[in-house]
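Just so you know, the protein sequences line up as chains Y, D and F, in that order. Be aware that the first sequence starts at 1, since it is given in full-length UniProt numbering, and climbs by one per residue. Be aware that the second sequence starts at 1, since it is given in full-length UniProt numbering, and climbs by one per residue. Be aware that the third sequence starts at 1, since it is given in full-length UniProt numbering, and climbs by one per residue.
These are calculated hints, taken from the structure and not from any lab test. For each residue, glycine too, the CB sits at the ideal point set by N, CA and C.
Simulated crosslink set (DSS-like; lysine-lysine; CA at most 25 angstroms straight-line):
1) F:LYS374 / D:LYS286
2) D:LYS286 / F:LYS353
3) Y:LYS340 / D:LYS92
Distance ranges between label pairs, derived from CB positions:
4) F:GLN324 / D:PRO100: 57 to 63 angstroms
5) Y:GLN316 / D:ALA30: 43 to 49 angstroms
6) D:VAL113 / Y:GLY212: 50 to 56 angstroms
7) Y:SER246 / F:VAL148: 52 to 58 angstroms
8) Y:GLY219 / D:PRO100: 37 to 43 angstroms
9) D:PRO100 / Y:GLN220: 37 to 43 angstroms
10) Y:ALA368 / D:PHE147: 45 to 51 angstroms
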Amino acid sequence: MRNTLVRSVAAGAIALLALTACSSERSADTSTGTNAGGSTEAAKGFAADALIGVALPAKTSQNWVLAGDLFTNGLKEAGFQSDVQYAGSSTTVADQQAQISAMVTKGAKVIIIGATDAAQLSTQVEAAKAAGATVIAYDRLIKNTQALDYYVAYDNFKVGELQGKALLDGMKAKKPTGPYTVELFSGSSDDNNSAVFFDGAMSVLKPQIDSGDVVVGSGQTEIKQTSTDGWKAENAQRRMDSLLTSTYSSKTLDGVLSPNDTLARAIITSVKGAGKDIPVVTGQDSEPESVKSIVAGEQYSTINKDTRNLVKQSIQMVKDLQAGKAPEVNDTKSYNNGVKVVPSYLLEPLIVTKENVVEAYANDPDLAPLTK
Amino acid sequence: MSRVKELQKSLFGGTTSNARQFGMIFTLVAIVLLFQILTNGLTLNSGNLISLVSQYSYILILAIGMLMVIVAGHIDLSVGSIAAFVGIVVAKVMQDYSVPWFLAILIGLAVGVVIGAWQGFWVAYVGVPAFIVTLAGMLLFRGGNQFIGNADTIPVPEGFRTIGAGFLPEIGPNTGYNNLTLLLGLLVGVAVVVREWRARRVRQQMSADVAPMWISAIRVAFPLVVVVFATLQFAGGRVGTSFPISGIILGVLVVIYSFFTRNTAGGRHIYAVGGNSRAAELSGVKLKRVNFLVMMNMAVLAALAGMIFVARSAASGPQDGIGWELDAIAAVFIGGAAVSGGLGTISGSIVGGLVMAVLNNGLQLMGVGSDRVQIIKGLVLLLAVALDVYNKKQGRFSIIESLTRPFRREAPADPAPGTGTDQERGKSPVAG
Amino acid sequence: MSDAPVLLEMRSITKEFPGVKALSDVNLVVRAGEIHAIAGENGAGKSTLMKVLSGVYPYGTYSGEILYQGTESRFADIRASERSGIVIIHQELALVPGMSITENIFLGNEPGRGGVIDWKVANRQALELMARVGLEEDPDTLIKDIGVGKQQLVEIAKAFAKDVKLLILDEPTAALNEADSQHLLDLLRHFKQRGVTSIIISHKLNEIAQVADSITILRDGRTIETLDIKADGVDEDRIVRGMVGRELHSRFPDHTPKIGEVFFEVRNWTVRHPISADRLVAKNSSFTVRRGEIVGFAGLMGAGRTELAMSIFGRSYGTYVSGQIFKDGQEIVLRSVSDAIAHGLAYVSEDRKSIGLNLLDDIKTSMVSAKLSKVSTRGVVDSVREYQAAEGYRTSLRVKAPTVDEGVTKLSGGNQQKVVLAKWMFTDPDLLILDEPTRGIDVGAKYEIYGIIQRLADQGKGVIVISSELPELIGLCDRIYTVFEGTITGDIDRRDADPELLMKQMTSVKKAQRS
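Start from the sequences, fold in the hints, and give me the full structure.
Written out as structure tokens, the structure reads:
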């Protein structure tokens with residue numbers, strides 16, 4: 001009796017061995033895949049209809065939604081297959097990790113990542129690299145990994161500088177002489193860019209603060225004090241509400257440094273709610289609501305980092321990689337992700353105020369009508 | 001009894017309730033095969049199986065603890081926050097005080113014990129409902145995470161990453177496979193055979209009917225086929241990858257906790273407390289101690305899950321753990337536990353968690369966006385449970401029950417007609 | 001009274017549950033404007049009869065006819081009977097503690113239009129209704145802030161809000177003190193003068209004799225007799241005779257007791273109610289149990305027998321005040337259930353479904369659950385030993401189930417009780433306390449359970465049987481203690497025990513103070 005059992009088990013096992021032996025992925029060429037660097041990989045090129053993965057954060061800002069659409073269409077026009085994914089709204093990091101793994105499994109040749117948390121993706125990026133994919137960080141630099149190949153973004157330090165300058169210009173235009181009372185807001189502390197924006201802005205504002213020409217009413221000038229968790233409008237609005245109550249019951253607020261449009265509008269909402277005059281508020285991203293607000297004279301400025309150009313540049317990199325060329329980069333020194341200096345392509349941002357709003361969006365099919 | 005039923009019965013165990021095992025495994029296999037077809041074979045591909053295990057091992061570890069919490073008649077909403085809190089503490093001690101990684105793991109577990117004792121104290125000895133205690137804990141430890149980490153992302157050293165992102169190392173001769181994974185597969189295979197052999201011996205000792213040998217052969221062969229297939233897939237992945245370390249941790253925990261809940265006095269006390277706490281108390285079960293330990297155990301497992309996630313992500317971040325409690329709770333209920341406590345098994349919850357994991361993974365491989373994935377998962381959870389409740393009300397065959405009954409310790413059933421005046425019904429598995 | 005028109009007539013009502021005939025051919029005639037008492041032992045069918053009348057068991061689930069106000073009534077549910085003016089007030093009050101008196105009176109019956117409550121009208125009507133039942137309180141007072149007696153009055157006011165014609169009260173004074181009880185009885189007489197008919201179910205025979213005009217006695221689901229209290233000169237003794245008069249022999253297995261020495265003794269046991277600290281549920285109680293002896297505890301519902309037993313069993317009820325327990329001459333202190341089990345005590349609870357069994361368990365798990373250490377090695381349960389132990393009991397106690405893997409919900413009441421008995425026999429106790437061991441069990445199973453109890457006694461164990469069925473105590477026990485309001489009022493040898501004597505001692509303190 002025992003023999004029957006043993007025999008049938010053995011038979012099953014052998015059958016399976018035969019079935020699965022050929023499915024082993026440990027074929028001869030894997031060694032090159034694991035050990036080759038990005039440039040070697042790129043030099044070989046890949047099929048013109050290969051799969052390109054795009055992993056973007058949760059749909060918390062219109063920019064990401066637009067970027068997703070542009071990637072889907074742009075990659076399709078270029079002849080690639082695309083897989084564009086957004087992280088879920090609650091379990092963002094884990095979702096993005098799983099999405100990147102899925103793209104690797106599907107054999108994506110290039111994976112473009114707009115990270116939800118720039119420091120928590122190294123395992124997945126390394127797995128992607130090991131599987132032979134090229135990884136491009138989009139807009140947010142992925143930290144602490146050797147496996148990141150390229151970084152494409154707007155020059156975010158420049159963005160900060162422009163915001164700081166706009167804030168000063170706006171306040172001068174309203175009231176020729178100082179001192180000016182301002183409040184500072186910065187982005188989510190888990191986003192690498194938040195500090196870059198803030199530092200850029202402070203490079204302009206710091207001398208003025210030191211000279212006493214600009215006064216931060218609440219005294220909160222550290223990035224930790226000014227950060228906005230998760231880039232969420234509600235958090236910015238809540239902080240502004242408390243600032244108005246604690247500091248501005250009698251004082252006048254002249255200006256607010258806001259890192260982006262969503263937060264800028266939240267700040268304006270808060271000020272309006274408190275029945276105060278709207279101060280000079282900066283922004284970034286050219287969201288339609290903010291463009292309307294600028295035209296209406298509420299928000300002072302925004303930054304036009306045309307997502308079209310950024311996506312276009314990213315797709316250009318993909319095309320170069322496909323053809324076996326090294327993609328163009330224009331900065332090989334500034335962006336250190338903790339373990340490596342990542343070759344980067346940086347685009348120039350443009351400051352937009354009521355004065356130049358019409359010209360700035362003349363070529364944008366969605367925004368141009370709003371400026372009329 | 002029909003011939004089919006008779007065959008089913010002898011294949012899946014001596015009692016009718018064991019026969020329902022068929023349904024449970026069938027569902028998982030069906031979902032796997034469905035996605036295997038829909039994704040053109042990507043689902044069972046080596047790389048995908050490996051990432052599936054490492055992606056969901058921490059959720060399944062939470063599900064183990066959550067199962068016991070739910071069986072005891074409680075709920076724990078704080079697991080995600082505890083995981084995030086422990087994660088940041090561990091990352092911080094390694095970064096600021098250069099504590100070696102293995103010591104950091106012990107510190108993390110110790111923090112879990114302390115948090116668990118805190119929550120257990122309120123639940124068991126003060127009598128505050130676990131829902132409230134852990135809702136408070138959810139806020140408390142989420143805030144603690146932000147407080148300690150300043151909402152920053154803190155990287156962890158290479159050695160620590162092993163528990164979340166590590167694999168069995170490559171040793172021994174080049175066989176074209178990962179040798180240690182092959183060895184692991186062999187061990188599991190032997191365990192399957194030994195278990196069936198011992199089960200036969202036990203039934204002989206009970207002087208109960210012992211199924212014919214060919215039945216045993218089939219019962220051993222099916223799992224063996226799965227084990228052999230899985231072993232070859234895991235061992236045959238890209239060089240440098242193999243069966244994940246986090247999967248081994250999960251496997252060890254599943255074996256230990258299954259044994260504990262099924263075969264020890266301590267495990268039985270949890271079911272007794274959840275099934276009828278007054279009866280348990282009058283049978284000499286120390287109610288408060290059981291509740292305390294169950295809550296504490298959950299916190300320790302949450303600490304472990306948090307560390308595994310941090311290790312896998314190479315950093316502890318402010319978003320860690322958000323929504324995990326819901327994934328763990330969903331796994332437990334899909335796995336057949338009762339909201340009112342007293343019912344459910346570790347293996348059921350693991351299968352429930354795997355159903356959700358395969359669903360998630362398969363949809364992602366198909367390129368379905370996370371918005372729609374969430375909608376589908378929500379509907380699957382609701383429909384699975386609703387259909388079951390409906391069928392139970394109609395007095396018909398209950399799918400969830402049939403799927404999960406073999407994984408429960410006890411199988412309740414509606415009283416057979418004409419058996420005295422007792423009109424009580426068995427607890428409905430979810431709504432009950 | 002007897003010439004008043006008939007308000008309600010229930011004709012040959014028969015109600016069966018699976019395996020048990022709860023009512024068989026019961027007749028009840030209630031005349032308009034009278035107070036009609038229904039008496040009978042626990043389980044005689046009083047509550048079932050009232051549930052048939054009020055539509056809890058709807059038309060079609062019983063056989064027989066209900067003639068109400070001269071026409072046949074077929075109530076589909078409680079609301080239907082309430083619309084006809086029949087209102088039942090259960091022993092457990094159906095009030096919401098966190099709501100005011102007014103809100104409770106009009107719960108589900110709110111005055112107003114389109115779902116909007118007219119509080120002015122409600123409060124005015126509430127005050128009128130409260131005046132009718134003699135309740136002087138602010139109608140906005142919350143129910144939890146007034147005493148049980150007043151809560152009972154709110155419940156009655158609620159009945160009047162529904163325009164009651166026939167008021168049914170199930171054990172209305174069980175939870176009330178002397179003064180509140182008297183007030184309620186006076187109120188019933190007052191209603192009678194205003195033309196409201198009442199049916200009262202009560203164990204307190206003195207109350208029945210005091211207020212009722214006529215009485216129907218039920219026994220074993222049958223009508224025994226209907227008496228006109230004034231005309232027939234009925235007194236308590238007469239009612240008792242009607243309630244218990246039946247043959248006792250042959251319902252119990254033959255048994256010759258082998259009684260040894262006193263081995264278990266409780267002295268001056270006093271326990272406080274767990275919530276209301278001024279109430280004592282056991283007052284200075286002392287008793288003894290000898291080896292091989294079956295000792296009965298007789299008493300009415302709420303007399304404190306269960307409370308006494310549970311407080312001895314590891315202080316699992318109430319707050320311990322004073323008293324000592326001796327076993328084999330040594331004083332033992334039982335602080336927890338596990339202490340009690342370790343000292344050889346076992347308590348088989350009154351309500352096996354809510355506190356005796358985990359209904360999710362199967363037979364074998366239940367049977368070993370009170371002493372898992374007996375089948376485990378270092379905390380690991382040995383499934384073979386567990387199976388063998390359970391299988392042994394299944395055979396010896398003749399549990400009707402195919403295997404011990406069967407879920408306990410699938411078993412009948414009698415077989416469930418056998419499982420519970422096995423669970424406690426498995427702990428090897430020296431003293432078994434069995435609380436209502438045969439409640440809800442049919443006659444055949446009862447006989448078997450009696451046999452098991454006798455065998456346990458023959459093994460030299462002490463057995464305490466708490467039962468509300470006097471014939472059972474008389475047929476089974478070697479000695480019977482009577483309990484009234486937490487006090488032991490009598491210690492009666494089997495030879496002296498007869499139902500009338502027991503009933504007297506169970507219903508009052510003064511007659512029974514012999515010792």
